[in-house]
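Q: Given the coordinates of chain Y, work out where chain P with the ligand should sit on it, guided by the hints.
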Amino acid sequence: MFPNVLFEPPTSFKAGFPSDYEIGTVDMRWKDKFGVFIIRSAEGLYALSNVCTHLGCTVNWLGGENKFKCPCHGSGYYKNGINFEGPTPRPLERFAVSLAEDGQILIDKSKKYQQEKGQWNDPNSFLNV
Amino acid sequence: MIEAVKQAINSFSSPVTIFSASLAMFALFVLFPRQITSPWCTVPILLLVLAFFAVGLTDEHFVKIVTAPDNVPIVAMIFIAGYFTWYAMRKACLNDARLERGEPTFEKTETDEKVLVFPYLIYIEFVVALVYAIGLVLWSILLKAPLEEPANPTVAPNPSKAPWYFLGLQEMLVYFDPWIAGVLFPTLIIIGLCAIPYIDRDPQPAGFYCYKQRRPMVIVFLFGYWILWILLILVGTFLRGPNWNFFGPFEVWDVHKVVPLVNVNLSDFIFIKGLGWGLPKQWFLREAPGILLCLLYFMVPTTVAAKTWLKKLVEKLGPVRYSVLMILLLSMLALPIKMYLRWAFNLKYIVAIPEFFFNI
Ligand code: FES
Numbered sequence: 059m060f061p062n063v064l065f066e067p068p069t070s071f072k073a074g075f076p077s078d079y080e081i082g083t084v085d086m087r088w089k090d091k092f093g094v095f096i097i098r099s100a101e102g103l104y105a106l107s108n109v110c111t112h113l114g115c116t117v118n119w120l121g122g123e124n125k126f127k128c129p130c131h132g133s134g135y136y137k138n139g140i141n142f143e144g145p146t147p148r149p150l151e152r153f154a155v156s157l158a159e160d161g162q163i164l165i166d167k168s169k170k171y172q173q174e175k176g177q178w179n180d181p182n183s184f185l186n187v
Numbered sequence: 221m222i223e224a225v226k227q228a229i230n231s232f233s234s235p236v237t238i239f240s241a242s243l244a245m246f247a248l249f250v251l252f253p254r255q256i257t258s259p260w261c262t263v264p265i266l267l268l269v270l271a272f273f274a275v276g277l278t279d280e281h282f283v284k285i286v287t288a289p290d291n292v293p294i295v296a297m298i299f300i301a302g303y304f305t306w307y308a309m310r311k312a313c314l315n316d317a318r319l320e321r322g323e324p325t326f327e328k329t330e331t332d333e334k335v336l337v338f339p340y341l342i343y344i345e346f347v348v349a350l351v352y353a354i355g356l357v358l359w360s361i362l363l364k365a366p367l368e369e370p371a372n373p374t375v376a377p378n379p380s381k382a383p384w385y386f387l388g389l390q391e392m393l394v395y396f397d398p399w400i401a402g403v404l405f406p407t408l409i410i411i412g413l414c415a416i417p418y419i420d421r422d423p424q425p426a427g428f429y430c431y432k433q434r435r436p437m438v439i440v441f442l443f444g445y446w447i448l449w450i451l452l453i454l455v456g457t458f459l460r461g462p463n464w465n466f467f468g469p470f471e472v473w474d475v476h477k478v479v480p481l482v483n484v485n486l487s488d489f490i491f492i493k494g495l496g497w498g499l500p501k502q503w504f505l506r507e508a509p510g511i512l513l514c515l516l517y518f519m520v521p522t523t524v525a526a527k528t529w530l531k532k533l534v535e536k537l538g539p540v541r542y543s544v545l546m547i548l549l550l551s552m553l554a555l556p557i558k559m560y561l562r563w564a565f566n567l568k569y570i571v572a573i574p575e576f577f578f579n580i
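For the record, the sequence lines run as chains Y and P.
Counted the way my numbering counts, the first sequence spans residues 59 to 187.
Counted the way my numbering counts, the second sequence spans residues 221 to 580.
The shape of chain Y in the complex, shown without the other chains (with noise of 0.2 Å):
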């Protein structure tokens, strides 16, 4: 009687406390339910999407390398999300992040921040933590 839907997870959720991250990490707790990576830098926190720019796959993280690396056609990224190597034309995608009231993280996947748009100088797309 009722359709076959794939009950998707909120595109907005929230990420607990910016305490709960450590600086300088790469954080995967959001990685496999909602494809988002949360990083702490000296600048701030942002929340960097886990899709490849060149084709769509997913990227993982090497730590050893310090590095984003995409295992289908090599692209690689910086932290910070800024492309590097391989064939991909542009960085990796921010999500907009805020602080909810209650001082959580609020990230809010159906806002992107392009870096190649000049987006990511938007005061959404970063938290000044």
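You can take every hint at face value.
According to the in silico footprint, chain P covers these stretches of chain Y (three or more CB under 8 Å from chain P): (1) 88-94; (2) 104-113; (3) 118-125; (4) 131-138; (5) 144-157.
Capping the alpha-carbon separation at 25 Å, the derived lysine to aspartate or glutamate pairs in DMTMM-like fashion look like this: (6) K91(Y) - E369(P); (7) K381(P) - D279(P); (8) K125(Y) - D474(P); (9) K169(Y) - E575(P); (10) K89(Y) - D474(P); (11) K493(P) - E174(Y); (12) K501(P) - D180(Y); (13) K432(P) - E323(P); (14) K381(P) - E143(Y); (15) K381(P) - E151(Y); (16) K137(Y) - D474(P); (17) K137(Y) - D488(P); (18) K89(Y) - E369(P).
Beta-carbon label-pair distances, calculated as ranges: (19) K72(Y) - Y352(P): 51 to 59 Å; (20) Y136(Y) - L356(P): 46 to 54 Å; (21) P67(Y) - V472(P): 32 to 40 Å; (22) I411(P) - T83(Y): 49 to 57 Å.
Simulated from the structure, these hints should not be mistaken for laboratory data.
Backbone N, C-alpha and C fix where the C-beta goes; we use that ideal spot for every residue, glycine too.
A: Relative to the frame of chain Y, chain P with the ligand by itself:
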């Protein structure tokens, strides 16, 4: 001893060396087909290939890759495609020799009359179809389909490989933007194959195997088939490992192998390294040199050749068919050219406009 040979093969292997060596072998083949397809040459070559596999089978890693159920057809393809190429070329060379001596071709000695498609050809095709059907049934019983765990959108196997017949395209994607390698080139391949009978309408050397009278066509076809299709499939299947890094045939697929692959766009070369100005803000200024280069690439050889050594061809084909032919040929050549540019200069894109996803 065997270990040393394997080591040597591994350290020799890289995308450039494999591709260049294959090009050299291809050149030898089309230059000296008569000698190479003669039994004196063919048998040693066949033994060499078999020896390679025999040596390979002593290597655990090699065995794992070559006998993986999805890779078996590719091993078979080496022999099947090799056999058919050899067969056609051998017949063509023998026919050429006969024609030189003023004798009729093989096909003429079989029958001088035209025969009907039905039943003659259909009958043969039917038998072949039966044999293939039996072969497929046996194959699917003997080798289990390599099914994996249910797909999970957040986990990609490493390396992620396309089905074997698409691996050539996947290998192409290493050098091109998805639009070009995934859409434009496949379309051009199909259009190009459809265009062959309209471009090459010479009735003279039709109906029998020959090489001398249609050397350019045979070379172009074999180049596209062997170098740009089969070779890329072989590289994609056997020599690409985790993270799509290149591995020698006897090299263990190490997930942590680090290969420096930093790539630079043409605009970076020109405006940053060459002129020292920094990249212009507007994309059309930034990419103007690349766009110009691409236009020149298609226009200069076409017009220059039309005025000089291809004059006769232009007269024979007319301007439209000639231009179509040249565009197809030049796009075909663009693939190896781009590959060599990547290997030599780490050139990523000649035209790179990520603003609206257009990269060449
Ligand atoms: S999809 Fe990631 S490199 Fe092609």
